[in-house]
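Protein chains in written order, with our numbering: chain U, 1 to 136; chain B, 1001 to 1136; chain G, 2001 to 2484; chain D, 3001 to 3484.
Since the hints were made in silico from the structure, they are not lab data.
Quick caveat, the model's predicted, so the values are computed rather than measured.
Glycine is no exception: its CB is placed at the ideal position from the N, C-alpha and C atoms.
Where hints are given, some of them may not hold.
Unchecked claim - Taking lysine-lysine and the DSS-like style, the derived pairs with C-alpha atoms no more than 30 Å apart in a straight line are: (1) K2442/G to K76/U; (2) K3189/D to K3474/D; (3) K3354/D to K2442/G; (4) K2054/G to K3474/D.
Unchecked claim - Per label pair, the in silico range of CB-to-CB distance: (5) G1072/B to E3384/D: 47 to 53 Å; (6) H2045/G to G3457/D: 19 to 25 Å; (7) Q3365/D to K130/U: 57 to 63 Å; (8) W100/U to K2474/G: 18 to 24 Å; (9) G2457/G to H3023/D: 54 to 60 Å.
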Amino acid sequence: MKKNIVLGVIGADCHAVGNKVLDYAFTEAGFEVINIGVLSSQEDFINAAIETNASAILVSSLYGHGEIDCRGLREKCEEAGLKDILLYAGGNLVVGKQEWAPVQKRFEDMGFNRVYAPGTSPQVGIKHLKEDLQII
Amino acid sequence: MKKNIVLGVIGADCHAVGNKVLDYAFTEAGFEVINIGVLSSQEDFINAAIETNASAILVSSLYGHGEIDCRGLREKCEEAGLKDILLYAGGNLVVGKQEWAPVQKRFEDMGFNRVYAPGTSPQVGIKHLKEDLQII
Amino acid sequence: MTLQNKRLTEEEFLKQRQEILTHWPTGKDVDLQEAVDYLKKVPEHKNFAAKLRKASEEGITLAQPRAGVALVDEHIKLLQYLQNEGGADLLPNTIDSYTRQNRYNECQVGIEESIKENRSMLNGFPVVNHGVKNCRKVLEAVELPLQARHGTPDARLLTEIIHAGGWTSNEGGGISYNIPYAKSVSLEKTILDWQYCDRLTGMYEEMGVEINREPFGPLTGTLVPPSMSNAVAIIEGLLAAEQGVKNLTLGYGQCGNLVQDVAAIRTLVEQASEYFKTYGYDIELTTVFHQWMGGFPADESKAFGVISWGAATAALAGATKVIVKTPHEAMGIPTMEANAQGIKATKQVLNLLKGQRLTMSKELQAEMQLIKAETKCILDKVFELGKGDLAVGTVKAFETGVMDIPFAPSKYNAGKILPARDNNGAVRYLEFGNIPMSKDIKDFNRQLLEARAKTEGRDVSFQMVVDDIYAVGKGTLVGRPENK
Amino acid sequence: MTLQNKRLTEEEFLKQRQEILTHWPTGKDVDLQEAVDYLKKVPEHKNFAAKLRKASEEGITLAQPRAGVALVDEHIKLLQYLQNEGGADLLPNTIDSYTRQNRYNECQVGIEESIKENRSMLNGFPVVNHGVKNCRKVLEAVELPLQARHGTPDARLLTEIIHAGGWTSNEGGGISYNIPYAKSVSLEKTILDWQYCDRLTGMYEEMGVEINREPFGPLTGTLVPPSMSNAVAIIEGLLAAEQGVKNLTLGYGQCGNLVQDVAAIRTLVEQASEYFKTYGYDIELTTVFHQWMGGFPADESKAFGVISWGAATAALAGATKVIVKTPHEAMGIPTMEANAQGIKATKQVLNLLKGQRLTMSKELQAEMQLIKAETKCILDKVFELGKGDLAVGTVKAFETGVMDIPFAPSKYNAGKILPARDNNGAVRYLEFGNIPMSKDIKDFNRQLLEARAKTEGRDVSFQMVVDDIYAVGKGTLVGRPENK
């Protein structure tokens, strides 16, 4: 059975191109993609994940506000009963060119399982997701 | 009376464009320019200075070997009886992009009165030469 | 209010205005007559419209960066640096994404966090929160004209504040700041809201103050066929003109094929001018060319290559200004220094190419004819759908997919068309969706893409589109298969 | 020996060779048959001629940097970096200036000082001192073809050593490595010496080893009118062909006006091919375009702009390879990192422009006709002066100023001509000296410069030339008066 995953661009961010490409790539890789699109709130992600019994939430942020937008998402997932759901984040997560290691740490501390630097290929995320969901 | 100055490109260096422009600029500024051209040895400079009773020797080096080529010029001038002759150097005096201050210091230690960084306008040298020769 | 392409009456305008100015406390500081008095004292070299006119007359291309941070003093420092060190000809004020969604409370959080963290936590200047006085403070701190660049579907309050604040240009439009920037705002709403913005501009013009308006040309910035972006630009130009806008800059985002890019800018000028003439508008028309808006290489040297090639194309096309990218583009928002570097590389190329244009060839002529024919197919149908009313026609055109922007987030966009590059890197239609092109045009587009597919030993497919999206970031224009 | 354009006999060649190989101790390690055996084992991807042929067939432009340091291991490190990090397609070995003057004792001092100071005290690789074995060591450490790039009037020993060392291309020629590089070496001498180099190349070809030869196109690199550099390139090509050279790359240095630069490369190919055909030589002809050889801006971002525009012009002209500058150009010899940056920016532009060419226009056609007509005026007179012998004619042409390179150091160059830019930045003849152009051509050149003078409100003068020399370094192509 195909695994459901929720895909979307968080916050006031309207970058749609990568979203459409991720949708295409994860669908091709055998996932059932619930794509809530751009300009999505934390609640939009959580509601979609509950409704579809999703295994993972893939959060994109391209406009640099990711740090503000993603804060508290893990806690809200817990509150909503999404206990072990995988949280991935990627894109241009912070404003400006920053050293990557501390950015990754900040997002991991926020409860994200995987955090991706700018320019990461969708194939990397697909590989990780298959590992994390133990799909061979 | 016009002051005589010896102009040339030292060593195995054949960059002729700047040489022709300096010739034009210093001549326009009222100097009598004895241009010994490119590929000139220390002896060529000194002989020309003696023959024309020159007030200054202007050494260009564009190819990065200036440091080797210019060593000992002041001492040879002294030996040849050119006691107080002004020595100027400019161009791309050393190999590669180096901090300017130490390069200038090395050339001043070699006995050059004025040392010019890459890209200096001929007008700067003309101004200095007029000051150093007390031409108003 | 019923949407139609007709100048707003004073009554309609003032009724909206009364409400708009209450959307955030800074609205109360806007006073139109006081603003006009202030703007009349702004020296000519700081007027956007005047500077563009001068550049157009001299046949030169001006360079303008993107830039904006959360706090006023930091923003001023940034703009001064781009002016003094970068040598920018025109200055931007890029507005943050919360403001673009009218979420001024979140801006306030961003401003406070920025103070606390001592770095900008917003991706632009939250101009509504900062208000008129701070706009003027910015203007008075620099020696160049200022423009707001944003992506705001409802920019009415923003527009009131920036112009009262002495900024003499505003980017945007009812289509170009909706379809690529919003998910669920109707086109009726954004066209109406931008009629308000344009009407305000018209009123300033009528009161003797020149204000430049610039529809956002590149749309989603990703493989948008020139005829589609030109159609949008011409429509937004006509809608603005109806509201009294006089000084217009129409835009286009670099696709990467020189002949196509030059053809796009030239046809945009020629075709827009024809439409303005036909509909009786007297417009001072200039153009803006956007350096490559898609994915950039992470390597800074390679990014300089992309930037410089964009600058060269802008010059060869004869665009009035070029919007500049930075060597940090792949990494997100650039440092001040990287931003200045992008401007310097750009200006060096513009200066080297001063006066040089791409000379007319049969290939350029053919490409211009193609873009004009495609654009006309779209616009004819838009007018037909609106029974002569362009605003109504535009809404219906998007509803029916007659107009359709690739990769746009809006649910009001059909999303049926797909673009891809031909063997020379020119962007063609792979899927036309419901765009009403003639059979000849459709066949020609298809034929070019089939030729590419043959070269690559594969079928024409969505994978080709995906490959093209990432190609420039990986160093090439056309996304060839890896094994090729 | 009397100079004539005729293939050296085996006797003449061997007589010279015996002596030449004694000029420095490393000469004794050269063994022609052993070298041929070695070269036949060099894999095809490291053969310069083969790689150029492939690029020419595919219609792509290759990128080649300049680079060389004093010590072998450091030089290998540098070349590996340019190959791996920079992504160079072809590798150079830039030879130091003492070697160029055959002052091998001074090279030895430079090598020893470089070891002592732990930095290169030479501006290139002293290849004669290092000898055959070290050339091979360098070749075996990289995966790309190698070329020697120098500026050596008498390169006979150097040529023997590099080819025996497995390097499959050599830059230079009897004119192009004399007039811009020497002060008092006669043209008879250098043409004879380069006949030797070309004959050696021919012998390798006859023994089944392909060696590429590249006359140095840009000459003094400063405002050289295309017809003069094309005339030199064609003459050196013909002289090389007579000695048995088969694989030739003719070169041109960017002037900065796109139409003129493209016209120069295209006419070079067309006209050279015609001459080869007329004189019965079967030549594999490719082209090299040199990025701007004049003064560079010190600012690295601006330098990237100049580099990228050069890369774009090379691609649009369809040159087979481009010689790459670096962002450190204004400062002298670049670091390894800066050198790689120049290649990366260049390759990004080349990749974006793959397959794109400047399309034919009436302006391009007119410029091509002009260059061809000017070049023919020069070449006709050279053949006439030599009574049909090109080598003799060339010497006489320089004696009489029929050929004349601007800003050259050689006393065998008349130095009577002056070039300057027209309003579009194309390089024109301001003073013709004794160049035998037709009245039409003279009038046309003059008319273009008068038009510029009028724009600038000054007379046509040497100051205009000086302004043009420094213009690019200051950010523009045409050196306008400061008050303009």
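Right, here's what the structure says about each hint:
Annotation: proposed proximity of K2442/G to K76/U is violated, straight-line Cα distance about 50 Å (limit 30 Å). Between K3189/D and K3474/D the CA atoms are separated by roughly 39 Å; this puts the pair beyond 30 Å, and the hint is violated. Our distance criterion of 30 Å between C-alpha atoms is met by K3354/D and K2442/G, whose separation comes to about 26 Å. Proposed proximity of K2054/G and K3474/D is supported: the alpha carbons are some 23 Å apart, at most 30 Å.
In this structure, G1072/B and E3384/D meet the distance hint of 47 to 53 Å, their C-beta atoms being roughly 51 Å apart. Range check, H2045/G to G3457/D: Cβ separation about 23 Å, and the 19 to 25 Å hint holds. Between Q3365/D and K130/U the Cβ separation comes to about 60 Å, which falls inside the hinted range of 57 to 63 Å. Taking the beta carbon of each, W100/U and K2474/G are about 20 Å apart, inside 18 to 24 Å as hinted.
Distance hint check for G2457/G and H3023/D: the Cβ-Cβ separation is about 55 Å, which falls inside the suggested range of 54 to 60 Å.
The earlier numbered hints that this structure contradicts are 1, 2.
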